[in-house]
Amino acid sequence: MTSPLSNPRLLALVLWLAALVAFVAASVETSRTRLADELEVTGRTLHRLISQRVAQHDAHLTTLIALSSGAEPAPDGAVRQVMESISRFYPRIAWLALVSLGPEGAGAADGGAAEGASQPAGITAGAETEGSGAAQPAGVGAGSAGGVSVREVVAVPALGGVDLAPLAEKIAGQVRGRPSVYAAGEGRYLLAKRAPETSDLAVVLMIDATKLVEPEERPGFAHLVLSLDGKALVDLPADASLGSGVLWLKPPHFEKVIDGEGQRLLLSLDRSLPLAALVPPGRLLGFAVVAGLLAAALAFGLGQRAAVKRSLLAAREAEERLAVQERETLLAHASRVNAMGELASGIAHELTQPLTALLSRSQAALRLARAEKPDMAKISGALDVNVREAKRAGEMLKRMRDYASNKAPERARQDLNAIVAEVVALTRTDLERRGVALVLELTQPAPEAVVDTIEMEQVLHNLIRNAAEATGSGGVVTISTGRVGREAKIVVSDNGPGIAAEVLPKLFVPFFTTKADGMGLGLSLCATLVERVDGRIAAETVAGGGARFTVTLPLAREA
Amino acid sequence: MHRVYLVDDDEAVREALAFLLSTYGITAETFGDPQTFLAHVDEKKPGVLVVDLRMPLVSGLQLYQKLGERGIDWPTIMITGHGDVAACRRAFKAGIQDFLTKPIDGEVLVDALQQGFASLDAGLEKREARTLLAKLTEREREVLDMVARGWASKEIAASLELSVRTIDAHRAKIAEKLGTSSVAEQVRLALAS
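As you go down the protein sequences, you meet chains A and B in turn. This note's numbering applies: residue 1 is where the first sequence begins, and numbers increase by one. This note's numbering applies: residue 1 is where the second sequence begins, and numbers increase by one.
Please keep in mind that the hints were generated in silico from the structure rather than gathered at the bench. Do not rely on the hints blindly, as some may be mistaken.
Listed next, the in silico EDC-like pairs over lysine to aspartate or glutamate satisfying Cα-Cα at most 20 Å (straight line) [to be verified]: (1) B:K66 - B:D105; (2) B:K154 - B:E142; (3) A:K378 - B:E11; (4) A:K378 - B:E15; (5) A:K211 - A:D259; (6) B:K126 - B:E185; (7) B:K173 - B:E142; (8) B:K44 - B:D33; (9) A:K398 - A:E410; (10) A:K391 - B:E15; (11) A:K170 - A:E197; (12) A:K391 - B:E11.
Covered stretches of chain B (chain A as the covering partner; in silico rule of three or more C-beta atoms under 8 Å from a C-beta of chain A) [what the hints assert, rightly or not]: (13) 3-13; (14) 179-188.
So, partial list: chain A residues that the calculated Cβ filter (under 7 Å) puts toward chain B [as the list claims (entries may be wrong)]: (15) H60; (16) T63; (17) A66; (18) L67; (19) T352; (20) L355; (21) Q363; (22) R367; (23) V387; (24) E389; (25) A390; (26) S524.
Even glycine gets a Cβ: it sits at the ideal position worked out from N, Cα and C.
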């Protein structure tokens, strides 16, 4: 009863909430792992695809270089044919060119010829010259930079190209047979490779990086970035409908370099973790409902158990109450049996009187009967008296037996004056022996209350005995009955020394006693017995000395 | 006719004992409490007392002692419902005739009463003898004692160095004062005192 969790409903609610939290946590963890794994798989797939495509570029370069280097002069027609075929099959290769690199003069001389075939692309490519680092204005179609000129030999498509002049020196500086990459803006980059040995030819491909990822391969759930030298070529944001991520979780990230023969591209994928993906609302709702039902069932079960427990407790309390009452009854009986010892000599005297009278009268009657002329009138008169006398003795015995009996208390409407008279009959001789006079002031008609006669006699006997002990020889004990309102009162008072003020509050406490050989149970037992029949008992010291005990009982209702 | 005075606070006991005694031809006068008896005792002729030991206010023993203070030493039989040894001892020390426990057997009571009557009678004789002997002079008492020893007048005269005539004159005086000329009667009175 101390913890609030002993309330089954509250406990169930707490358990339900805990289950929800656990579900959310577990769901977030598994979802996050699943989403990260998915991203990883997607990333690897993309990486593999892009790597293959990038590798193809190198293959094309090699093919074209091989084709153009095989004969002198270069078989432009065949090269163009292959280039057109490549361009047709691979839309991501936006432009292919076979260029010739030459010294400054040659480049300038050829520049006019090339001009007709190439269109200004409008692209300004900044190139760093070795040493000075200063930008130079780019030429159109063919040009030179840093003392190297570049001339387009074949270009497909003829009008889709860029001005290679700014890059001429760089391409010329490339290691032969190894491709190099150059950014070309708008998600495109250039891939150039010089022909082996002494040839001044080079092949340049312009790759549209955005087409390295086919539309159907694009993962809608992730933000895809393909970058070259830290600059994004392709930047595909995730579908906006997935919502923003959850702040406190590190979103899954995939990053891998595509190293395809000089084309160092970086593929990175980022995935946001929207709450809805982590904790699907439908599943949460379903779980909440199921857990709620379980919690409700638990609460109901606990409630039932508590109810059973309560009823068991109530039953046990009732049993204990009964046991206490039985013990009290036992104690009351033991106390009466104990009191019988004190009363015994008085009662023996009480019985001796009728026995004496009986014996004497019987002997007298016998003598009369044995006379020559028996006086029958006298004899029958004597026997009549004897019968009365024997009954008197029998009543006394019954009174004793009842008082010492161990029968269960039996509450019934009783005449309180009669109860007082019974007690007086039991205790009279004892009081005479103590030299204590008894005064009765019984109200008429007699008040009636629902009590057990024997127990009430016991209460009065206790009070009378205490009073007699208090006064000692020469004392007077007064017993009176009366009515006040709806209550009956039995008052036992004496002219002894009264009750000390400090003793008064403890008077009815068990085991409290002022007597040297007392148990301290008499008055507490009195209180118990009186309270059992809804009465109460009070003690006071009256002005002028002497104690007064008042037993108050509810008057029996008029029948 | 001997008298019996019965003092007991229990009416039934009183009445039954008186009834029993009546069958023996003994009349008992009954009293419910010692005070009433004390109030009237002076008017009563000597008799045997049957007293309950335990009575409210004044006990049987106290009654006996009060009577003793007044010079009334009638035989007293104490009856009690308790075979209390201490009370019994006290009673006998005080000079009680007998001590009977209730319930009392009629024969036992009557026996005790007979003894009481005897001692009452003895008491009366003793008192009578003392009264008579008190009338005698010293010389007459001396002569009576010698007569009781069985001496003849001549022997008494020789012993007292008196004449036989003088002794005879004393003996005549003694017979006159004691109211009997029977030597045996005179001797009984002399011994009873």
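I'd like to know which numbered hints this structure contradicts. Please list them from smallest to largest. Failing hints, ascending: 1, 14, 15, 16, 17, 18, 23, 25 and 26.
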